[in-house]
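Starting from the given sequences, assemble the full structure and let the hints guide the process.
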Amino acid sequence: MTQTTSAPPATLSPSAPQAAPTGPQSSPAPTNSRQGAVRAWFDGTPGRMRALLILAAVVAVLFGAAAAQGFRQSEGALQRAEENTAQLVRIQAIHTNLVSANANATNAFLVGGLEPPAQRQQFVDSMSTAAKLISEAATAQPADQEALGALNATLLTYQGLIEQARANNRQGLPIGSQYLKDASASLQTDSLPLVNALVEANEERVATEFNNVGNGNVWLYLAGLATLIVLGLTLYWLARKTHRYLNVPIAAAAVLVLLTMLVGGTSLANASGAAKDTRGDAYADTLALSRARIAAYDAKSNESLTLIARGSGAAFEEAWKKSSGTVDDQLAVAAGSAPDLQSKWSVYKKVHTDIRESDDDGNWDKAVGQAIGTSDQTSNVAFNEFDKQSSQNLSGASDTTRAELKDARDGLPPIAWLGLPIGIAAALLITWGMSQRLEEYR
Amino acid sequence: MNKKSLIAGTLALLFAATACGSSAYDATPLPVKETPPAAKPAAPAVQDCTNALQSYLPDGPLPAPNAMPAGSTMAKIAAHGRLVAGVSADSLNLGSRNPLTGKIEGFDIDMINAVADAIFGTPAPGQPSKVELRVISSPQRLPVLKAERKPGAIDIVARNITINCARWKEIAFSAEYYRSGQKLLVQSDMTTVKSLDDLSGQKVCAPAGSTSLDNMIKANPKVVPVTADTDGGCLVLFQQGKVVGITGDDTVLAGEAAQDPYAKVIQAPPFSQEPYGLGMNKDQVDFVKFVNGVLAEMKADGRWQISYNKWLLPALGKAKPPAPVYGRS
Chain E
1 MTQTTSAPPA
11 TLSPSAPQAA
21 PTGPQSSPAP
31 TNSRQGAVRA
41 WFDGTPGRMR
51 ALLILAAVVA
61 VLFGAAAAQG
71 FRQSEGALQR
81 AEENTAQLVR
91 IQAIHTNLVS
101 ANANATNAFL
111 VGGLEPPAQR
121 QQFVDSMSTA
131 AKLISEAATA
141 QPADQEALGA
151 LNATLLTYQG
161 LIEQARANNR
171 QGLPIGSQYL
181 KDASASLQTD
191 SLPLVNALVE
201 ANEERVATEF
211 NNVGNGNVWL
221 YLAGLATLIV
231 LGLTLYWLAR
241 KTHRYLNVPI
251 AAAAVLVLLT
261 MLVGGTSLAN
271 ASGAAKDTRG
281 DAYADTLALS
291 RARIAAYDAK
301 SNESLTLIAR
311 GSGAAFEEAW
321 KKSSGTVDDQ
331 LAVAAGSAPD
341 LQSKWSVYKK
351 VHTDIRESDD
361 DGNWDKAVGQ
371 AIGTSDQTSN
381 VAFNEFDKQS
391 SQNLSGASDT
401 TRAELKDARD
411 GLPPIAWLGL
421 PIGIAAALLI
431 TWGMSQRLEE
441 YR
Chain Z
1 MNKKSLIAGT
11 LALLFAATAC
21 GSSAYDATPL
31 PVKETPPAAK
41 PAAPAVQDCT
51 NALQSYLPDG
61 PLPAPNAMPA
71 GSTMAKIAAH
81 GRLVAGVSAD
91 SLNLGSRNPL
101 TGKIEGFDID
111 MINAVADAIF
121 GTPAPGQPSK
131 VELRVISSPQ
141 RLPVLKAERK
151 PGAIDIVARN
161 ITINCARWKE
171 IAFSAEYYRS
181 GQKLLVQSDM
191 TTVKSLDDLS
201 GQKVCAPAGS
211 TSLDNMIKAN
221 PKVVPVTADT
231 DGGCLVLFQQ
241 GKVVGITGDD
251 TVLAGEAAQD
261 PYAKVIQAPP
271 FSQEPYGLGM
281 NKDQVDFVKF
291 VNGVLAEMKA
301 DGRWQISYNK
311 WLLPALGKAK
321 PPAPVYGRS
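So the sequences go chain by chain: E and Z. The first sequence finishes on residue 442 if you use my numbering, and the numbering steps up by one all the way, no holes. The second sequence finishes on residue 329 if you use my numbering, and the numbering steps up by one all the way, no holes.
Since the hints were made in silico from the structure, they are not lab data. For clarity, every value in this text was computed on a predicted model and none was experimentally measured. Honestly, I wouldn't trust all of these hints.
Here are the simulated BS3-like pairs of lysine-lysine, each with C-alpha atoms no more than 30 Å apart in a straight line [stated by the list, open to error]:
1. E:Lys366 x Z:Lys76
2. E:Lys388 x E:Lys344
3. E:Lys321 x E:Lys344
4. Z:Lys146 x E:Lys322
5. E:Lys349 x E:Lys321
6. Z:Lys150 x E:Lys349
7. Z:Lys150 x E:Lys350
8. E:Lys322 x Z:Lys33
9. Z:Lys33 x E:Lys132
10. Z:Lys169 x Z:Lys146
11. E:Lys321 x Z:Lys146
Computed from the model, here is a short list of chain E residues facing chain Z with C-beta under 8 Å [what the hints assert, rightly or not]:
12. Ala150
13. Leu173
14. Pro174
15. Tyr179
16. Ala197
17. Leu198
18. Ala309
19. Ser312
20. Gly362
Chain Z stretches covered by chain E per the calculated footprint, using a threshold of three residues with CB under 8 Å from any CB of chain E [claimed, not checked]:
21. 26-33
22. 94-104
23. 134-142
24. 226-236
Don't be surprised by glycine CBs; every beta carbon is placed ideally from N, CA and C.
Next comes the structure, spelled out in C-alpha cells:
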C-alpha cells in the first residue's frame, strides 16, 4: 500500500511515474489507448463542442451555487443582525437590572432602620431578572459565555456583600454601611466593566452583520456575469461554426441566469436598503434608549450615594451630572420613538436640583425626604415615571427593529434553496442545446 | 483530472466562504483589570518639636451664645447658620451612623455639638444642635481644613485626630480632649499573639494617612501594611480574612471588637500615646481659643465625663479628662 517502487502496478492513473511516451498514436498499451480515446473525444469541432458543453454546464451549476451562497449569506446576515440585536438588548437589560438593583440597595440605606419591604422586593426582582437574562444570553450567544460566566462570579460577590450589609444593618452595626459601600464598589469595578465589554462586542457583531447584508450581491453578480460571458461566447462560437443564428436552449439558459441575477440582485438590494433604514432608525433608537436608561439608573444611584456620603459626595454629584448629560444626549437621538420621555426626565432633574439645594444648605434631612420621602413629588416618584415610560419605549423600539429585520428576510425570494436547481436547470438546457449540434456530427 | 481538482477546490472555497459567514464569532474579550501597584506608605513625617500638646490659651471667659465678637471666625459661623464639621460615620462610639435612626452619634460628635451650642445657644429639648456633619475619610482630615475658607467649608474636624508636630505645620489643634493609645486587634482564637512583634510577615490593616500606620511600621517594619480609607474598611478586610489584624487607637478598636464577637483587642499597654485634638484651620486662631474655652468648660462642669461614660467607659474603663496645655503663641 505504501510503496512506490518500480514494479509496474495495475494502475489506472494516467500520470503514473513510469508513464510511457505521450503521443496518441505511439503505443497500443491499455493505459495509452484510454488516453487516446479521451483525446479523440475532444478532437476536432465536435470535441471542442464537448469541451465547451462541459465548461458552460459547470459554470452554470457554479452560478447556481454562488447565487444560493449569496442569498444564504445575506439571509444569514439579516437573521444574525436580528439575533445579535436581541442579545444586545438582553445584555443591556442585564445592565439596567444591575444598576437598578444597586440604586435600590443604596437608596434603602438612606432610611434609618429597616429598608422598606417594597424596595427590598425590587432589589430581589432586579437581581433574579438579571440572573435569568444571563443564562438566556449564555445560551443565545456561545461567544459571550466566558464573559457572562465571569459576570456571574462577580455578582455572587456583590450579592454576598449586600446580604452582609443587610445582616449587619439588621443588628444595628455601623459596619453594615461599609459592606454596602464595598458592594457598590465591586459592582462598579468588577461587574460593570464586563457588561460594557459584552455590550461593545455585541454592538460590533450587529454592525458587522448589518454591513454583510449587502455582500450577498457580490456572489450573485460576479458569478452571473462570468456565466453570461461564457454562455455568450458559446452562442457566438456556435453561430459561427454551425451557421445557425441562435441556439434556443442555450439562449434560454442565458435568460434564466440573467433573470435570476436581476430578480435576486434587486431583492437583495432592497433587503440591504431595508436593513440600512432599520439601522438608522429603529435600531439606533433601541441603542439610544437603552443607553439613556442605563445612564439614568447610574445617575439615580449617584444621587443616593451623594446623600449617603453626607457632604463628601462631590465626586458622586459630578458623576450624576455626567450621567444626566448622557441621558439628555441619548434622548435627543431617540426623540422619534420616545417624544414625551424628555419631559419626564426633566421633571426628575428638577427634583434632583431641589435635593442638591437642600443638602448644600445643610438641610440633609430635608434632602433625604425629597429623595425618598412619602410625598408624591420625591425623586423616587419622578424617577419611576421615567423608568416606566422609557421601558415601554425601549421594548417598542426593539420589537420594531426585530420585526423590520424579519420582514426584510421574509421578503427575499427563496434563491438560497432554488439557486442550485436553477444552476442545474441551466446546465441541462446547455447540454440539450449542445447535443442538438453534436448530433449533426454522428 | 485537473479540472476535477479545480472543481473540488472551488467547492472547498465555497464551503470555506459559507463557514466564515456563519455565526462563529470571536469570544467576547474579558476586560483587563489593572491591579494598582501596592501602595508604599509614605515615610513617617518628622516630629521635630517638643510642645505638640501646646494650644492657644483662651482669651478670658467665653462670649455669650449668639453674641460672637464682630469680625471673628465664630461670627462668620453664626452668620452661616450652622457649624460645619468633618466627622467619621463608622467609628462606633466616636462617630458612627446609628443604622436604626440614621443619626451620626458618639463621643466626637458630642464635642462638636458642645461647640455649636456655645455659638448658637443650647437647642430646645428634642431639637438637634446647629451642626452640619460631613462624613470624611481618614486621609481627608487635613486637606478639608486647609481648603479655602468660605461659607460652607469645614470649620472643625472631630475624627479622632492625633495631635502631633508634623500636623501642627498644616492645621491648628485644640487642647487635648482625650488620651488614646494604639493597640492591636486580632481574631479571638489567636492566643499566642501578644504584640505586633508576633505578626511579622503577616498582613495588618491601618487607616490610610493615620498615625496608626506610621506607628505600626515603626514598631515592627516586618509587618505587611494594608490600608483602608476608614476604620470600617479595615474591619471588613479583617472579617473577610484578608488581614490577620487591625491596629489603631484603643477607642476605634473597642468599637470594632464590639461589632465582631470573634475579634479581641490585645490587653497589653498601648504601644504609643495618641492625644486627640479637634482640628481647625491654621489661621483661625480666635476660633481655636474659643473651642479651647468650650472644652475647658465641658471638662469642668462634668459634660465631658457624662459623654465619656456614655460612649467609651464600657469598653475602655474609667478615665479623667486630660489637663489642657496652653502657651502657644
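Enumerated hints in conflict with the structure, sorted upward: none
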